[in-house]
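Asks: What follows is the residue order along each chain.
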Amino acid sequence: MIDYKSLLSPTVQSLKPSGIRKFFDLAEAMDDVISLGVGEPDFQTPWHIRQVGIDSLQQGKTKYTANKGMTELRVEISKYLNRRFNLEYDADSEIVVTVGGSEAIDITLRAFVNLGDEVLLPEPCFVCYEPLSRMCGAKVVPLPCGMENNFKLSAETLKAAITPKSKVLILPFPNNPTGAIMTEDELLKISKVLKNTNIIVLSDEIYGELTYGHHHVSFASLPGMRERTVIVNGFSKAYAMTGWRLGYTAAPKEVAVQLAKLHQFAIMCAPTTAQHAAIEALRHGDSDIEEMRGQYDMRRRLVVGTLRSMGFPCFEPEGAFYVFPKIDAFGLTGEEFCEQLLKQQHVAIVPGEAFGESGRGFARISCSYSINHLATALGRIEAFIKTL
Amino acid sequence: MANGMNILSLLEQNARLSVAQLALLTGETEEAVAKKIDEYTAKGVICGYRAVINWEKAGRESIQAFIRIKVTPQPEQGFEAVARQIMTMPEVDSVYLVSGSYDMSLTMSAKNLREVAHFVSARLSPLGSVTSTDTTFVLERYKEGGVCFLENGGSDEKREVIL
Chain A
76 MIDYKSLLSP
86 TVQSLKPSGI
96 RKFFDLAEAM
106 DDVISLGVGE
116 PDFQTPWHIR
126 QVGIDSLQQG
136 KTKYTANKGM
146 TELRVEISKY
156 LNRRFNLEYD
166 ADSEIVVTVG
176 GSEAIDITLR
186 AFVNLGDEVL
196 LPEPCFVCYE
206 PLSRMCGAKV
216 VPLPCGMENN
226 FKLSAETLKA
236 AITPKSKVLI
246 LPFPNNPTGA
256 IMTEDELLKI
266 SKVLKNTNII
276 VLSDEIYGEL
286 TYGHHHVSFA
296 SLPGMRERTV
306 IVNGFSKAYA
316 MTGWRLGYTA
326 APKEVAVQLA
336 KLHQFAIMCA
346 PTTAQHAAIE
356 ALRHGDSDIE
366 EMRGQYDMRR
376 RLVVGTLRSM
386 GFPCFEPEGA
396 FYVFPKIDAF
406 GLTGEEFCEQ
416 LLKQQHVAIV
426 PGEAFGESGR
436 GFARISCSYS
446 INHLATALGR
456 IEAFIKTL
Chain B
419 MANGMNILSL
429 LEQNARLSVA
439 QLALLTGETE
449 EAVAKKIDEY
459 TAKGVICGYR
469 AVINWEKAGR
479 ESIQAFIRIK
489 VTPQPEQGFE
499 AVARQIMTMP
509 EVDSVYLVSG
519 SYDMSLTMSA
529 KNLREVAHFV
539 SARLSPLGSV
549 TSTDTTFVLE
559 RYKEGGVCFL
569 ENGGSDEKRE
579 VIL
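As given, the protein sequences belong to chains A and B, one line each in that order. Going by the working numbering, the residue at position 17 of the first sequence is 92; the numbering climbs one at a time, nothing skipped. Going by the working numbering, the residue at position 131 of the second sequence is 549; the numbering climbs one at a time, nothing skipped.
Isolated chain A, as found in the complex (with noise of 0.2 Å):
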């Protein structure tokens, strides 16, 4: 018999599961139950990307690309940036397309993080960068971005955190789960603490398109920033397109060709189908995003609004499409707040310790359901707080 523990990886052995996953194989042994858990757009892609996909299938393109993925796909990503977030990037030699934001992200820590180094984590946030870190050898330091701040990280606490071991701040704004965004001065106050450190940013900008209200600011748009910077983006959240698993980065040339790298000898290349189909996107979907935004934006004032109708302190996301209820205020620890309500209303959500420690007490809402599907759930949830 083969003793595994000792021959697996004492890192990978020490990485929690996912705490949302934990949370909902709970609710899929119920019946009934309304989930608000779901980190993805209810919406399919819009058809006309489909059809170029389903068309490139037709016409036999079902071989890999360039590594770095397919020279369109990369200059149309160069001009989207440009369009969109007043980004220069060169399509050749600064753009590498991945499989979704998380093989992106997942490069940049591999091409940064040594043994010992420091990654600056501002919590709440998604679930991967502390696990990817970690098996980069990395200590993650994380950075408590609290209600009172409007979950945006202060320079206060980067300054606090930064010692000669930091190596990256991941920068994961607009934010899931909080929808908190970083407005061009307070990113401008993060770029002057960094400003004489060696410290790289890995801005995670995957909902860049999804913000109500203020336009996203990229962080590489700063002044000085661009240098320090690797931009994680993709095609999931701003056109529907979780299932196709496509992403890039952009970085200064010297750190595109380690990521390629990378890139090239776990992956080969971003599935070919996806790509052509992304090229459609860029092209001709910007409508596309402006719908979905609308609807995700009813849905986001919906929820905050009928959350705090029934005394629940909640932040109003200025980004994504979660919204995140502060739920300890019932006399319930959040945890407890979510078993219960999953057990008396069979209404799932994600309690906020699955994104960090600091995110104890609340929980996750997601917003990318149908408008009936959402009243269906707050109404359960009303009920249920009347319990209490």
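Just so you know, the hints here were simulated from the structure itself, not pulled from any lab data. Predicted, not measured: the structure shown is a model, and the values here were computed from it.
Only some residues are given here: those of chain B computed to face chain A with a beta carbon under 8 Å:
(1) N432
(2) Q439
(3) L442
(4) L443
(5) G445
(6) R577
What the simulated footprint calls covered on chain A by chain B, stretch by stretch (three residues with Cβ under 8 Å from a Cβ of chain B suffice, anywhere in the stretch; the number is not a length):
(7) 112 to 126
(8) 440 to 450
Beta-carbon label-pair distances, calculated as ranges:
(9) A:K461 x B:L426: 26 to 36 Å
(10) B:G564 x A:R96: 32 to 42 Å
(11) B:Y467 x A:R185: 56 to 66 Å
(12) B:G477 x A:K418: 25 to 35 Å
(13) B:G564 x A:L83: 49 to 59 Å
(14) B:E562 x A:K80: 54 to 64 Å
From the three backbone atoms N, C-alpha and C, an ideal C-beta is built for every residue, glycine too.
Using the hints, position chain B against chain A.
Replies: Just chain B now, kept in the frame of chain A:
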């Protein structure tokens, strides 16, 4: 000013949304939304609210038919005279003037095939201006009024939670 088109689209999808919910969804005050709805109702833009019911599931036998008819238009009144006669018949759900080889198209519901046959032969055909009819029975309803009738039809609400 409340965004009227938005309110109408939302109500068309779900007529049971409350004024408070509509106000949140559109970012307007409840007063502005209520006023807009009153205006639309008074003007006849909002013509009514109804539930979409799957009668088979409710246990009531029911059959739906599409009936196309050829009509001789009446002097002065064209097709409207016959449309007015037909639309007052309670079995008839909808009446349209249509293009193509027939002039008008109706949908109707009845308990069974015999009732439809009786309607066509005893009530519709005898109308002086109706020259011929063509009846089609519905065998299965898949979608109606924007609502899918198949289990989980078109709905993707049960998505995988992957992380």
